[in-house]
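The numbering of the sequence shown is the UniProt record's numbering, which starts it at 1 and goes up by one.
Take the hints with a grain of salt, since some may be wrong.
Label pairs and their calculated CB-CB ranges [to be verified]:
(1) 367 <-> 100: 56 to 64 Å
(2) 264 <-> 59: 48 to 56 Å
(3) 364 <-> 178: 37 to 45 Å
(4) 3 <-> 144: 36 to 44 Å
(5) 61 <-> 1: 44 to 52 Å
(6) 179 <-> 292: 32 to 40 Å
(7) 32 <-> 330: 26 to 34 Å
The calculated lysine-lysine pairs, modelled on DSSO-like cross-linking and capped at a C-alpha distance of 27 Å, are [stated by the list, open to error]:
(8) 269 <-> 186
(9) 341 <-> 330
(10) 53 <-> 19
(11) 257 <-> 176
(12) 244 <-> 330
(13) 341 <-> 257
(14) 53 <-> 117
(15) 238 <-> 257
(16) 125 <-> 146
(17) 117 <-> 176
(18) 238 <-> 330
(19) 176 <-> 186
(20) 146 <-> 244
(21) 176 <-> 244
(22) 187 <-> 146
(23) 118 <-> 146
(24) 238 <-> 118
(25) 117 <-> 146
(26) 244 <-> 257
(27) 146 <-> 176
(28) 244 <-> 19
(29) 257 <-> 186
(30) 193 <-> 330
(31) 244 <-> 40
(32) 186 <-> 146
(33) 324 <-> 341
(34) 275 <-> 238
(35) 371 <-> 341
(36) 371 <-> 330
(37) 186 <-> 125
(38) 53 <-> 269
(39) 53 <-> 40
(40) 53 <-> 324
The hints are simulated quantities; they were obtained by calculation from the structure and are not laboratory data. Owing to the predicted nature of the structure, the values given are computational and were not obtained by experimental measurement. Beta carbons: idealized from backbone N, C-alpha and C, even for Gly.
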Amino acid sequence: MVVGLHRNAHVNVDLAAIKHNIAVELARMDEQQELFAVVKANAYGHGIVPVAKAARQAGATGFCVALIDEGLALREAGIAETILILGVTPAREATLMAKYDLSTAVGDLEFLIQAQKKLAQAGAKLKVHLALDTGMGRIGFRDQAKLSQAIDFLHEHTAQFEFEGIFTHFATADAKDQEHYNYQVKKFNELMKVVTTRPRYVHVANSAAAMWHTDCGGNVVRYGVTMYGLNPSGAELKLPDTFKPALSLESELVAVKQLQPGDGVGYGKTYTASKPEWLGTVPLGYADGWLRRMQGYHVLVAGQPCEIVGRVCMDQFMVRLPHKLPLGTKVTLIGQDGEQKITAQDAAEYAQTINYEIVCALSERLPRYYK
1 MVVGLHRNAH VNVDLAAIKH NIAVELARMD EQQELFAVVK ANAYGHGIVP
51 VAKAARQAGA TGFCVALIDE GLALREAGIA ETILILGVTP AREATLMAKY
101 DLSTAVGDLE FLIQAQKKLA QAGAKLKVHL ALDTGMGRIG FRDQAKLSQA
151 IDFLHEHTAQ FEFEGIFTHF ATADAKDQEH YNYQVKKFNE LMKVVTTRPR
201 YVHVANSAAA MWHTDCGGNV VRYGVTMYGL NPSGAELKLP DTFKPALSLE
251 SELVAVKQLQ PGDGVGYGKT YTASKPEWLG TVPLGYADGW LRRMQGYHVL
301 VAGQPCEIVG RVCMDQFMVR LPHKLPLGTK VTLIGQDGEQ KITAQDAAEY
351 AQTINYEIVC ALSERLPRYY K
């Protein structure tokens, strides 16, 4: 995608905040635990390579991605530490992953059977983390018999596989109701009974589990959304104030005009001025990840809350101004301006989604600037 360098609409990323959030988590962890920084989806919209390098400086000893290509990008950027692909990968790519020393999640025996043949032909060895489906319903082994078969297969083919890790993922670690979380812990412990020799990494704690369930065990924390200063629980459970949001989203006014009563705004004329009003245009839209449904929400213009009027367009949106303001006036969509602040969680609640989606939706058309 072409990056919009020649318009004033951009994402700011505070790498010091990311380092700070990692330091907070490291101080909470047991000494024998390691922290793997989750940098999938372009580091939740923050920028995969700069964030990974900052996380490594702050003490992360490994990284989690979702795609093979994300792992390759980190290797090309000089990241030498463990890189775990959490998503399903095709067996046909086993030799590529082995070549670049990428570890991969495996949730079925068929992958191992197919990958073993390709690895044997290439004389390559792949690092594997067995995924256990304890109640997420996404990927992984669900019963002891099939898990035992997979472990036996790994032990029978040590020339092609390194059994590096085993893990599960909690579905409700960020909820007040702990019934399903407790069920998953029990299920995980039952499945682990057939693991006679534990691999190097046993990991169950995502950001939410690490924050609110420090007794869940494992020697790795997969540190995701909290690393970016966002609450994995949204508004249900409170995140300590010690965490700092790392991302802000800013633009400017590129057009200012006065509307008269009856004048319409935007596609479908979903807003009509009821009196003389000042209207400002911001050069950013849903192609940049600022969702079409944000009509009626507000942004900060010169530190003042201003309502988005009319539908958000692909490349622009309009706001009702308190009075005439000069072109180039700063517009803050996420972040703080003066005494006013808009968080990704605020935007998420208006859009009836989660803060993850708000930041991950910010497209690569928006340049990222780092400090």
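Under the criterion that the straight-line Cα-Cα distance not exceed 27 Å, is the pair residue 53, residue 40 satisfied?
holds, 14 Å
Does residue 193 pair with residue 330 here, judged by a C-alpha cut-off of 27 Å?
It is violated: about 58 Å lies between the C-alpha atoms, which goes past 27 Å.
Between residue 275 and residue 238, is the straight-line Cα distance small enough, at 27 Å or below?
violated, 42 Å
Decide if the proposed pair is consistent with the structure: residue 53 and residue 117, CA atoms, cutoff 27 Å inclusive.
Roughly 35 Å between the alpha carbons, so the hint for residue 53 and residue 117 is violated.
Between residue 118 and residue 146, is the straight-line Cα distance small enough, at 27 Å or below?
holds, 22 Å
Holds or violated: are the alpha carbons of residue 244 and residue 330 at most 27 Å from each other?
holds, 22 Å
Is residue 244 close enough to residue 40, meaning Cα to Cα at most 27 Å?
holds, 20 Å
Using the Cβ atoms, figure out if residue 364 sits within 37 to 45 Å of residue 178.
The hint (37 to 45 Å, Cβ to Cβ) holds, given that residue 364 and residue 178 are roughly 38 Å apart.
Given pair status - residue 176, residue 117, alpha carbons within 27 Å
violated, 46 Å
Please work out if residue 244 and residue 19 have their alpha carbons no farther apart than 27 Å.
Holds: residue 244 and residue 19 sit about 10 Å apart, inside 27 Å.
Pair hint outcome, residue 117 versus residue 146 [Cα-Cα no greater than 27 Å]
Roughly 20 Å separates the two Cα atoms, so the pair holds.
Taking 27 Å as the top limit, are the C-alpha atoms of residue 371 and residue 341 close enough?
Since the Cα atoms of residue 371 and residue 341 sit roughly 20 Å apart, the hinted pair holds (cutoff 27 Å).
Of the hints listed earlier, those the structure fails to meet are numbers 1, 4, 5, 7, 8, 11, 14, 15, 17, 18, 20, 24, 26, 27, 29, 30, 34, 37, 38, 40, in rising order.
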